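Those protein sequence lines, which keep their order, are chains A and B. Going by the working numbering, the residue at position 4 of the first sequence is 4; the numbering climbs one at a time, nothing skipped. Going by the working numbering, the residue at position 142 of the second sequence is 142; the numbering climbs one at a time, nothing skipped.
Hints were generated in silico from the structure; no laboratory data involved. Some hints here could point you the wrong way.
[Claimed, not checked] If you want a taste of the chain B side facing chain A, the calculated C-beta under 7 Å gives, among others:
id, residue
1, Gln13
2, Ala18
3, Arg42
4, Phe43
[To be verified] A short list of chain A residues far from chain B (calculated; beta carbon distances all over 12 Å):
id, residue
5, Ser2
6, Glu3
7, Arg4
8, Asp7
9, Val36
10, Glu104
11, Ile149
All of these numbers come straight from a predicted model, not from anything done at the bench. Heads up, the beta-carbon is just placed ideally off N, CA and C, and yes, glycines get one too.
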Amino acid sequence: MSERRHDLEAQFDRILSEHGAAISRLAFGYETVTSVREELVQEIALAIWQALAQFRGECSERTFVYRIAHNRGLSHVWKRRPPHQPLEEIEESDQPIDPRPHPEEQAAQADRRTRLTSAIQSLPVIHRQMIVLMLEGLSQAQMAEVLGITENNVAVRLSRARNMLKDALGERP
Amino acid sequence: MIEDRELDAWREQWSSVAEPSADFQRDFQRKVQQRIKREERRFVLGNILTVIAFIAILIFAWYMRHQSTWMGTGWSTSVCVLVFVSAGVRMWVLRRTWRPETQSTRAFVELWYKRVEARIRLLRISTYLSIGWLIFCAALTAVDWSIIGQDVGDHPKAWVALLVVCVLMQAVLLCYGVAWLRRRKLAELNEVKQILDEMDGKSVR
Numbered sequence: 001m002s003e004r005r006h007d008l009e010a011q012f013d014r015i016l017s018e019h020g021a022a023i024s025r026l027a028f029g030y031e032t033v034t035s036v037r038e039e040l041v042q043e044i045a046l047a048i049w050q051a052l053a054q055f056r057g058e059c060s061e062r063t064f065v066y067r068i069a070h071n072r073g074l075s076h077v078w079k080r081r082p083p084h085q086p087l088e089e090i091e092e093s094d095q096p097i098d099p100r101p102h103p104e105e106q107a108a109q110a111d112r113r114t115r116l117t118s119a120i121q122s123l124p125v126i127h128r129q130m131i132v133l134m135l136e137g138l139s140q141a142q143m144a145e146v147l148g149i150t151e152n153n154v155a156v157r158l159s160r161a162r163n164m165l166k167d168a169l170g171e172r173p
Numbered sequence: 001m002i003e004d005r006e007l008d009a010w011r012e013q014w015s016s017v018a019e020p021s022a023d024f025q026r027d028f029q030r031k032v033q034q035r036i037k038r039e040e041r042r043f044v045l046g047n048i049l050t051v052i053a054f055i056a057i058l059i060f061a062w063y064m065r066h067q068s069t070w071m072g073t074g075w076s077t078s079v080c081v082l083v084f085v086s087a088g089v090r091m092w093v094l095r096r097t098w099r100p101e102t103q104s105t106r107a108f109v110e111l112w113y114k115r116v117e118a119r120i121r122l123l124r125i126s127t128y129l130s131i132g133w134l135i136f137c138a139a140l141t142a143v144d145w146s147i148i149g150q151d152v153g154d155h156p157k158a159w160v161a162l163l164v165v166c167v168l169m170q171a172v173l174l175c176y177g178v179a180w181l182r183r184r185k186l187a188e189l190n191e192v193k194q195i196l197d198e199m200d201g202k203s204v205r
């Protein structure tokens, strides 16, 4: 029993090391407030831990993690339902600017990053998932596996989601 | 291979959204481990408290069984049955052999929709059952008034008035609670339906 638990803990630590950054990024798609987002990331990690004992490798580990993260994110959106922060209201990034050379360039990068995350948060939830998975570098087949729709559907929705993101960023004439 | 500069630019910005340092990663893992331990402690404590509550209710029901009126016997028997059914349901739920979160988003949302629908149905059935239960209790009291009347002493009318007030208060609380819960569940159902529609490409908010 304890050996099984030890194995699970080792597997869980490895998953957090490998996918921790991706989980943190995915949470950006569902929550704007930093403290609540940290809470959401912890909830996702907890859900992965609770489901890990039943994971039999029916899908890849990455798909398993992304499914749990997105489904937790969806539940979180329903429970919280915060009004997203409109682009016009963004004054500055909440991330500190690195005090290394070229502060203007770094400030501009931080601003672009904030605009991108806010634009993503303004999308309908399914399109948000599409965009986040695309940005995480998943193939259309992997996206189809996470979302439970066909690859053709993924292609169509992804194209629509990209256009919506461009609209939200003001990049389309 | 077609170059997609727009996507590359977005990916570059996205990858810098969260670049946890080694310290951050360690701190995050420590917090998660603490949370897991906390949840496990809560789980164990919850089970211990449930067992204590079950035992206390059973002892109380056993004590009531030896009361002189037949209502005491009937009440204690039904409480015992209820406790064992609740214990069975709890153990069934605690098996945790399957977690919907590990399914695809579509399967998860469809299941979510069905669960909310089932809860609304359950709410409706519970309302009817509660109303039926109140009517049944009132009828039982009326039928056995000759026996109960002896137990309530010199002021049976005051006792009946108190009973009616209690029942009415319960009914008001029940109606308010059910209406609040139903409104909440309908809003949830609507939200989940919208997500499903988005997945089917029927509507976009």
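Exercise. Any hints this thing doesn't respect? Which numbers, in order?
Worked result: 3, 4, 11
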